[in-house]
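Trainee: Sequence:
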Amino acid sequence: MTEGEEYCLARMSVDPFMAMKKSNYNKNNQRRFSDEQIKSLEMMFESETKLEPRKKVQLARELGLQPRQVAIWFQNKRARWKSKQLETEFNILKQNYNDLASQFESLKKEKQALVSELHRLNEEVQKTHEEKRLCCGDQAAVVALSSTDHESENEENTRREQEEEVRPEMEVCEKGDDGVLCGHHNDDYDDGGYNNDIKREYFGGFGEEADHLMNIVEPADSCLTSSDDWGGFKSNANLLDQSSSNCPWWDFWS
DNA sequence: AACTTTATTAAGTTTACTTCA
DNA sequence: CGTGAAGTAAACTTAATAAAG
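Residue 44 in full-length UniProt numbering is what sits at position 44 of the first sequence, and the numbering runs on without skipping anything.
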C-alpha cells in the first residue's frame with residue numbers, strides 16, 4: 001500500500017466524505033476508474049458528449065460511482081476531446097499551408113523563368129529595331145538630296161513614326177540608373193516602371209481592359225518580391241498570424 | 001420587470017500518481 | 001536503486017449563463 005493510499009484510508013476512517021472530496025480516491029479506494037467503468041463511460045460519451053441528469057444518475061448507479069464523479073468525468077472528457085480536435089484541425093491546416101507554399105514556390109520559379117524569357121525577347125526586338133533604324137536613316141539622307149519640299153515633309157513624318165515605334169523599348173531599357181541598357185538584376189524585378197512596361201507587353205492593345213488587368217496583377221507582383229521569410233515557417237501557434245504581414249501571401253491567388 | 005437561487009458548463013488549476021531518462 | 005521532470009487522470013475552483021421561483 002502506498003503512502004497516499006494509507007493517508008487516504010486514514011482520512012476516510014475519520015471523515016469518509018472529506019477523504020473522497022479532497023483526495024483522488026473514490027469510495028472504493030480506487031484512484032483511477034476501472035477499465036470496465038472507463039469503457040462504459042467512453043461508450044456513453046460516443047453517443048452523447050453531454051449527459052442528461054437522469055442518464056447521469058443511472059450510469060453512476062450502474063458503475064458504482066457518484067453522479068458527481070460521472071459529471072466530472074464527462075467534463076474532463078469533453079476538454080480532452082476538444083483539445084484533440086484542435087490538434088487534428090491544426091495538423092490539417094498545417095498540411096494545407098505546406099502544400100500551398102510549395103505550389104507557390106513552383107509558380108514563383110515559373111514566373112521568373114517567363115520574365116527572363118520576356119527580357120531576352122525584348123532585347124532581341126530592340127536590336128532589330130536599332131538595325132532597322134540605322135539602315136533607314138542612310139536611305140533618307142540619299143533621298144533628301146533629290147526630293148521636293150513636300151516629299152521631304154512626308155519622309156520626315158515617316159521617320160518620326162519609325163522613331164516613335166522604337167522609343168517604347170528604349171524607354172523600358174533606359175530606366176536603369178546604372179546607364180546600362182536593360183541593366184536590371186535578374187532577382188529584382190519589382191521596379192514599378194519596368195514591371196508596368198512588361199505588363200504593357202502582355203496586355204498591350206486592350207486599352208482600359210489592359211489597365212484593369214494590370215491592376216489585378218499589381219499586388220501579386222509586389223508580393224512575389226517580398227516573400228523572403230517564407231522558409232522560416234515553424235509549426236507553432238503563430239501559424240495563422242502570418243496573415244498580418246504587409247503582403248498577405250494569398251493575394252497571389254486572388 | 002427585477003431579484004435571488006440553483007444547476008450546468010468551459011476553462012483553468014491542483015493533487016497524487018506513473019513513467020522514464 | 002534513487003531522483004526529478006514530464007505526463008496523466010480525477011477532482012476542484014471560478015466565472016458565466018440560463019431557467020425557475
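Any given hint could turn out to be false.
Simulated crosslink set (DSS-like; lysine-lysine; CA at most 25 Å straight-line) [to be verified]: (1) K77 / K111; (2) K84 / K94; (3) K50 / K39; (4) K82 / K39; (5) K94 / K127; (6) K77 / K50; (7) K82 / K55; (8) K94 / K50.
Derived by calculation from the structure, the hints in this document are not laboratory data.
Trainee: Now, for every hint given, state plainly whether the structure supports it.
Mentor: Evaluated hints:
no. : hint       : in the structure
1   : K77 / K111 : violated (51 Å)
2   : K84 / K94  : holds (15 Å)
3   : K50 / K39  : holds (17 Å)
4   : K82 / K39  : holds (19 Å)
5   : K94 / K127 : violated (50 Å)
6   : K77 / K50  : holds (10 Å)
7   : K82 / K55  : holds (22 Å)
8   : K94 / K50  : violated (30 Å)
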